[in-house]
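Starting from the known structure of chain A, fit chain B onto it as the hints suggest.
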Amino acid sequence: MLIASFDPLSALGGGILIGTSAVLLLWLTGRIAGISNLLGGIVGGTAGDVPWRLLFLAGLVAGVAVFQGATGLVPETRVAFPPWLLAAGGLLVGVGTSLGNGCTSGHGVCGLGRLSLRSFVAVLVFLGTGILTAIVVRHGFGVA
Amino acid sequence: MVRILVSVVAGFLFGLGLVVSGMTQPARVLGFLDPLGVWDPTLLFVLGGAVGVTVVAFRFVLRRPAPLFAERFHLPEATRIDLPLVAGAVLFGAGWGISGYCPGPGVALLASPTWETWVFLPAMLAGIALHRGVAAWRQAATRQKSPISATAPV
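For the protein sequence lines, the chains are A and B, in the order given. Taking our numbering, the leading residue of the first sequence gets 1, the next gets one more, and so forth. Taking our numbering, the leading residue of the second sequence gets 1001, the next gets one more, and so forth.
Just chain A, with the same shape it has in the complex:
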């Protein structure tokens, strides 16, 4: 198996930052830092419950923007990726995370942190289907 060159310290460090964010949010405000449910609460939310969600997401974007601005590093956009397929992917992510009540941050970071069996199962399932799908799309259909 070929292993890509990667930076374990940045990966670990970034993960620690994400985990710390989740701890702060739970400890100080009692909320789970699950992005899909955060969004869901904006899409179909009760009035008083929306501002903190919007501000969390605004902070998220700001964090990314500040780093990208400071380093000049921006992700490469894919040029050969079919837009309809990306839209289909987005739709699936939206429906799936809403139906399953969580995503990588909700079930993964927070759910596993709470030792939730539901989250453990969810993570196994979405990792499994994620891997299968990626293999099919990239090697079955040659989409990159």
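Honestly, the hints are just simulated from the structure, not real lab data. For each residue, glycine too, the CB sits at the ideal point set by N, CA and C. One thing to keep in mind: the hints can contain errors.
To be verified - To be clear about the criterion: a stretch of chain B counts as covered by chain A if any three or more of its residues have a C-beta under 8 Å from a C-beta of chain A, and this derived list gives those stretches:
id: 1; stretch: 1013–1026
id: 2; stretch: 1045–1053
id: 3; stretch: 1056–1070
id: 4; stretch: 1075–1086
id: 5; stretch: 1103–1112
id: 6; stretch: 1122–1128
The following block gives chain B in isolation, referenced to the frame of chain A:
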């Protein structure tokens, strides 16, 4: 007011973590999800770092009777492993494996918008709205169909 401040700061740390760790790059995520190509272990380390923090700190946090600046913890109440959980995870995994984005990195796309931002994000939001709409409609329909059983004492 404090909740607002905390939310911004926590969000900022979250976003910083996403971008520092490389999770805003679909190539890295798909590099992990696709073991047949050149495998990228980054996501494992990110999840490891994040869960390493939460699994330890949550124990202490959740021992408290309440959060520091709120009345109560808002934790998911469901405990059963049911069909919606599994089906939802299947669909989410499929979308993730196709796009290389999950909700967090999807929102992060707004930081340096490209064509992917304007395709993925609206689609994801539409998916959320679609599911929530259908779920609400089904709840209302069930209530209408059997109003007596819905209110009968057990």
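Here is what the structure says about each hint:
1. Under the rule that three or more residues need a Cβ within less than 8 Å of chain A, the assignment of the stretch 1013–1026 of chain B holds, with 14 such residues.
2. With 9 residues bearing a CB less than 8 Å from a CB of chain A, the stretch 1045–1053 of chain B meets the requirement of three and the coverage assertion stands.
3. Here the stretch 1056–1070 of chain B counts 10 residues with a CB under 8 Å from a CB of chain A, which clears the bar of 3, and the coverage holds.
4. Remark: the stretch 1075–1086 of chain B is confirmed as covered by chain A, as 9 of its residues place a Cβ nearer than 8 Å to a Cβ of that chain, reaching the required three.
5. Requiring three or more residues with a Cβ within less than 8 Å of a Cβ of chain A, the coverage given for the stretch 1103–1112 of chain B holds, as 8 such residues are present.
6. Residue count for the stretch 1122–1128 of chain B with a Cβ under 8 Å from a Cβ of chain A: 7. That meets the three needed, and the coverage hint holds.
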